[in-house]
Amino acid sequence: MASGVGGGPPCADDIPEVMDREAGLFLRPLSKLNIVVKLPQLKTPGQSISNWDLMEKLKKAIVPIQLDAIRVRESSLENVSFDAELNSRLNMHRVINGLDGLSLKVAGFVDHLKVRAAEAKCDFPSRLDWDDHYYKKGRAAGAGTHPDTVHLAMIPVNWFTSDKSSQPSRSALTKAMAAFGEVRCVDIPSCDPLRAQMPPSISGIAQKAYSFGQELLFEAFVQFSDYAGFTKAMEKLKAKKWMRRMKDGRVHYANVKVDFDRTFHLSGEKIRQRELERRKIEFERKRKEEKEKAEKEAEAEKLRKEQAEKEKRKEERELKRKIEYELERRRLERKKLLEAKLAEEEKEWANRKAVEAKRLLEYVFTRIQTRADHERAEKDEKLKKELETMPASRLELPIEDEDEMRAMLLKQREAAMRERLKEKMRGMVNGVDLPEKENRERKKKEKKSRRRDSSSSSNDRDDSGRKHRKKNKRSRSPKPSKRRSSPLPQSRSENKKRR
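Numbering follows numbering that gives the first Met the number 0, in which position 477 of the sequence shown is assigned residue number 476; successive positions increment by one, without gaps.
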């Protein structure tokens with residue numbers, strides 16, 4: 000697409016032809032020329048020439064005339080070919096005369112570069128081309144099978160868009176092409192989102208080189224109702240560039256490529272193929288959507304099951320934790336109850352043991368007291384018998400000496416009883432009873448000690464009797480001493496009463 004503002008006085012060839020005045024569309028003759036720059040032989044390795052520098056030198060050579068566009072068509076070691084466009088055919092001969100045979104001086108080269116310029120030949124198809132094409136393919140009666148369809152490419156999208164959509168409008172293009180004849184059908188492949196998925200033979204998207212700019216350029220198929228409209232359109236669009244005058248006064252140009260329909264795009268057969276392919280694509284799309292939906296549902300179900308399983312495991316862990324907590328709580332409660340019960344039982348056992356120990360001590364003390372009383376009674380009885388069998392001379396003792404002897408005997412007995420009681424209590428506290436042998440030995444020792452005590456007491460009584468008799472003899476008392484005939488008291492209470 001080339002855009003610019005025209006300049007210079009108009010001529011008959013430069014007058015634009017109206018295509019759609021309401022839309023501001025016009026047709027202007029196309030002014031193209033071919034420029035060839037012959038390069039000298041490169042003698043130095045690595046030596047090169049910039050195509051950009053060559054284009055700048057060519058532009059300076061035709062000042063004040065300006066080239067509307069210039070581009071490199073072909074570049075080789077021998078020459079560089081350029082395609083140039085002029086804004087007006089009025090300057091065509093002047094530019095050709097100025098460039099053809101021109102010598103350019105380029106830095107780094109001794110020889111001058113020769114320039115050749117000529118008007119470019121039009122590569123637009125002729126009547127012979129489309130007649131020959133349809134003759135070889137075979138004409139048919141249906142629409143689209145004979146010369147009636149024009150193929151347009153590289154049309155600016157923003158020239159045929161509406162305020163409601165960014166897609167090119169089919170009605171706007173139909174209105175513009177109606178200037179050449181009655182339009183039967185217009186097809187814009189880029190407006191159909193499914194065309195890109197169809198085979199190129201039926202999709203109508205033939206200009207692969209311009210597919211990158213679908214948002215800027217588009218192509219269309221315009222089918223006329225009769226052959227006259229088709230031929231008029233081909234003649235009017237030949238060697239023309241499209242011009243649009245904007246509302247702000249600016250003018251834009253577009254080199255729209257025009258050709259007859261070589262693929263029978265709007266024939267009934269191709270339309271049926273596209274419809275069948277559309278159904279296949281729709282079916283495949285629906286199948287794919289259903290498959291994706293099923294996969295998504297399966298994935299969602301899987302996620303739901305995983306989530307449910309996760310929640311279940313979480314609940315199981317929570318339940319297990321609660322059960323463990325409850326079991327631990329109950330175990331601690333049982334432990335506390337058991338400890339309390341054991342403490343209470345220990346307390347009861349200790350109280351019972353203390354009571355039993357007290358009772359045992361009372362029983363032991365009672366037994367000891369009973370045994371002591373019995374032994375004392377036996378000893379008193381034995382002593383009584385001894386006194387009865389004792390000679391009368393040995394019994395004649397003063398009352399004072401007799402009381403002292405009795406008190407001494409009682410003290411000795413009480414001391415022996417206390418020792419025995421201590422030994423028994425010590426054995427009971429230690430939980431061990433004295434063996435029978437030790438008891439027998441202890442009893443033997445007590446008997447021996449009592450014998451010694453009794454013998455010593457009898458000796459003391461004999462000595463005291465002798466002393467008393469001597470004393471009586473010395474005093475020469477006429478009266479005989481009073482002799483006690485009563486035996487020793489039976490118990491400590493009687494002794495106290497006697498005293």
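Fair warning: there could be bad hints in the mix.
As the list claims (entries may be wrong) - Result set (DSS-like, lysine-lysine): computed pairs, CA atoms no more than 30 Å apart in a straight line:
#, residue 1, residue 2
1, 113, 174
2, 279, 290
3, 378, 444
4, 256, 346
5, 378, 285
6, 321, 335
7, 383, 446
8, 383, 346
9, 357, 295
10, 285, 295
11, 174, 235
12, 256, 135
Stated by the list, open to error - Pairwise CB distance ranges (calculated):
#, residue 1, residue 2, range
13, 181, 20, 32 to 38 Å
14, 75, 96, 25 to 31 Å
15, 132, 227, 14 to 20 Å
16, 16, 107, 43 to 49 Å
17, 121, 20, 31 to 37 Å
Rather than coming from a laboratory, the hints here were simulated on the basis of the structure. Don't be surprised by glycine CBs; every beta carbon is placed ideally from N, CA and C.
Status of the given 32 to 38 Å range, CB of residue 20 versus CB of residue 181: violated, 19 Å
Hint check for residue 96 and residue 75 - Cβ pair distance inside 25 to 31 Å: Holds: the Cβ-Cβ distance is about 26 Å, inside 25 to 31 Å.
Residue 113 paired with residue 174 [C-alpha distance capped at 30 Å]: Violated, because 49 Å separates the two Cα atoms, which is more than 30 Å.
Given hint residue 290 paired with residue 279 - CA-CA distance at most 30 Å: holds, 16 Å
14 to 20 Å as the expected CB spacing between residue 227 and residue 132, which holds or is violated: holds, 19 Å
Straight-line alpha-carbon gap residue 256 to residue 346, limit 30 Å: violated, 117 Å
Holds or violated: residue 378 to residue 444, with C-alpha atoms at most 30 Å apart: The hint holds at about 16 Å.
Given hint residue 135 paired with residue 256 - CA-CA distance at most 30 Å: Distance ~24 Å between residue 256 and residue 135 Cα, so the pair holds.
30 Å limit on alpha-carbon distance, applied to hinted pair residue 357 and residue 295: violated, 89 Å
Satisfaction of hint between residue 446 and residue 383, Cα-Cα up to 30 Å: Holds, at roughly 17 Å.
Satisfaction of hint between residue 285 and residue 378, Cα-Cα up to 30 Å: violated, 132 Å
Cβ distance range 43 to 49 Å for residue 16 and residue 107, holds or violated: With a Cβ separation near 48 Å, residue 16 and residue 107 satisfy 43 to 49 Å, so the hint holds.
Hints 1, 4, 5, 8, 9, 13 and 17 from the list above are not met by this structure, while the remaining hints are.
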